[in-house]
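Student: The lines below spell out each chain.
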Amino acid sequence: MDAKPNDAAPDRRDFLRTCARWAALAFIGWAGGRQLLRRRARVSGSWCRADCADCASADGCGLGAAPRLPRVSRLDAVWQLDPAKCIQCGRCATNCVLAQSAVKCFHTHAMCGYCKLCFGYFQPDAAELSSAGENQLCPTGAIRRKFIEDPYYEYTIDNDLCIGCGKCVKGCNTFGNGSLYLQVRHDLCLNCNECSIARNCPADAFTRLPADRPYMLKGS
Amino acid sequence: MKRVIPALILFLVLAMAYVLWLKRGTGGSGNNGRPPDAYVYDIEKYRATPNADLLFDELAGFEVALKEPRGIAAGPDKGLFVVGDAELVRLDGEGREAERIALKGAANCVTSDGAGKVYAGLADHIAVWSPGTTNVVHWGSLGENALLTSISADAGNVFAADFGNRVIWRCDTQGRLLGAIGGKDAASGSSGFILPSPYFDLAIRDDRLWVVNPGRTRVEEYTFEGRMLSHWGRSSMRPEGFCGCCNPSHIALFPDGRFVTSEKGLPRVKVYDAKGVFVGLVAGPDMFAEDAVGLDLAVDSRGRILVLDPARRMVRVFAAKG
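From first to last, the protein sequence lines stand for chains A and B. Note that the numbering used here numbers the first sequence so that position 56 is 51, with each residue one more than the last. Throughout, the numbering used here is defined as the position within the second sequence, counted from one, plus 97.
Next comes chain A alone, as it looks inside the complex:
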């Protein structure tokens, strides 16, 4: 009497069928997601993924983007934030496609008053003028304060910690002389075809600059 085959042991046909089924499911998922994004892009009028940064032509966008921007190559123009228009709303910190925004605080030391009581550094109602965390305005502690001579202190930005929220910039602009300001750092920026921050900027402060002059620095 022949032994009955073991039902639990997979045969080649079952294995191939399972593989085909999973491959089909993966393809449907990919296609569905892609279609969803394309539809959203058409609704919003534009769409840009960070890894499309080399795209030189809006017409050729694989995601169906229809940017309102003039056709510019990444090599021709870059995004920048106009300090004269910026209202320091905080959105640069949260709307960049990067995990940590490419917008950072810049400091023109030649303009700085080196104030002992810097309103870019201290909370408006700081209990005392010390570098204790509760007295600092910056949510990430990205500003370094160093005594120079009475009553002058030097302030420098730690770019690794700065998230570009502009809180210090607003304090400095409101009470001081505006030596702190926000700029897009081009060693970090992916230069998206349509910048996500620019799209959400309530002050329309983002502009395109020639790539050979990519910054709007104060005091220059």
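Hints listed in this document are in silico derivations from the structure and should not be mistaken for laboratory results. All values reported here derive from a predicted model rather than from experimental measurement. A few of these clues could be false.
Derived DMTMM-like pairs: lysine to aspartate or glutamate, alpha-carbon spacing no greater than 20 angstroms straight-line [unchecked claim]: (1) A:K80 with B:E387; (2) B:K142 with A:D120; (3) B:K281 with B:E317; (4) B:K281 with A:E149; (5) A:K80 with B:D139; (6) A:K213 with A:D153; (7) A:K141 with A:D155; (8) A:K111 with B:E317; (9) B:K281 with A:D145; (10) A:K80 with B:D388; (11) B:K175 with B:D397; (12) B:K372 with B:E318; (13) B:K418 with B:D397.
Assemble chain B onto chain A, guided by the hints.
Tutor: Structure of chain B alone, referenced to chain A:
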């Protein structure tokens, strides 16, 4: 069928995860695009001014036909002077323009010596005008770095605050330079005037010179020879103190010894007694534009406070309640 259902569930989960992964690059905070409160600089709570805190009423103001009015001074009669652009304007007691004099450059400040002469501070020099004439005498330059931001005069002295050089120039009424006050002096340990931004005001009364030192958030008293006698003022967001890194921006003096001050950042006008003790508010932050700066002050012969509001191009008039 037993195998299909778990596979379908797994597929849906994977598909959702994939879509979410694709969406992660869209930015946004998940808060309708608004950043979290921790990223927003908010001083709104300091801008509200309860009416009960105001000791002065605002009367009808005067519009000034200048693009950039910068300085104001009360005249010997009920009139007043305003400078801006490259012009000096005399207004009568009702705020009507009485005379307009062209200057050689943009003027930042103006004062009347009480005897008829009017002094205007241009960028690097002083111009002198006698009302009723068209003759303006321009004194010599105080240097290429000079930026005059305030001027005050009596019968024998003219003092001009120079933001560019961080000093106060003392001249006689003929324009001869008598000295400078307030320079940095390592020997005496004086760090001079701390001026992070171009707001450097002064006023004279009873042979004493009163000067704002904004970086130290105080008002300082000097002899005419430049010896500091006293100072008052402290830093605070509360009305009693001076807000921000560098205030007050302007002062004016009552004949009875009281002071009027104005601030920027949190624009407000306040009165202090002769010892520098806070008396009360003249105008609170919510009575000005959020970014109002350059609120030059004067006290006229009727004891009213005149506030130049450059954003509105107006002279705003405040009188004590009651």
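Student: Now look at each hint and say whether the structure bears it out.
Tutor: Status of the hints after comparison with the structure:
no. : hint               : verdict
1   : A:K80 with B:E387  : 15 angstroms, holds
2   : B:K142 with A:D120 : 11 angstroms, holds
3   : B:K281 with B:E317 : 15 angstroms, holds
4   : B:K281 with A:E149 : 19 angstroms, holds
5   : A:K80 with B:D139  : 19 angstroms, holds
6   : A:K213 with A:D153 : 19 angstroms, holds
7   : A:K141 with A:D155 : 18 angstroms, holds
8   : A:K111 with B:E317 : 18 angstroms, holds
9   : B:K281 with A:D145 : 12 angstroms, holds
10  : A:K80 with B:D388  : 14 angstroms, holds
11  : B:K175 with B:D397 : 7 angstroms, holds
12  : B:K372 with B:E318 : 11 angstroms, holds
13  : B:K418 with B:D397 : 16 angstroms, holds
Hint compliance for this structure: no hint is broken.
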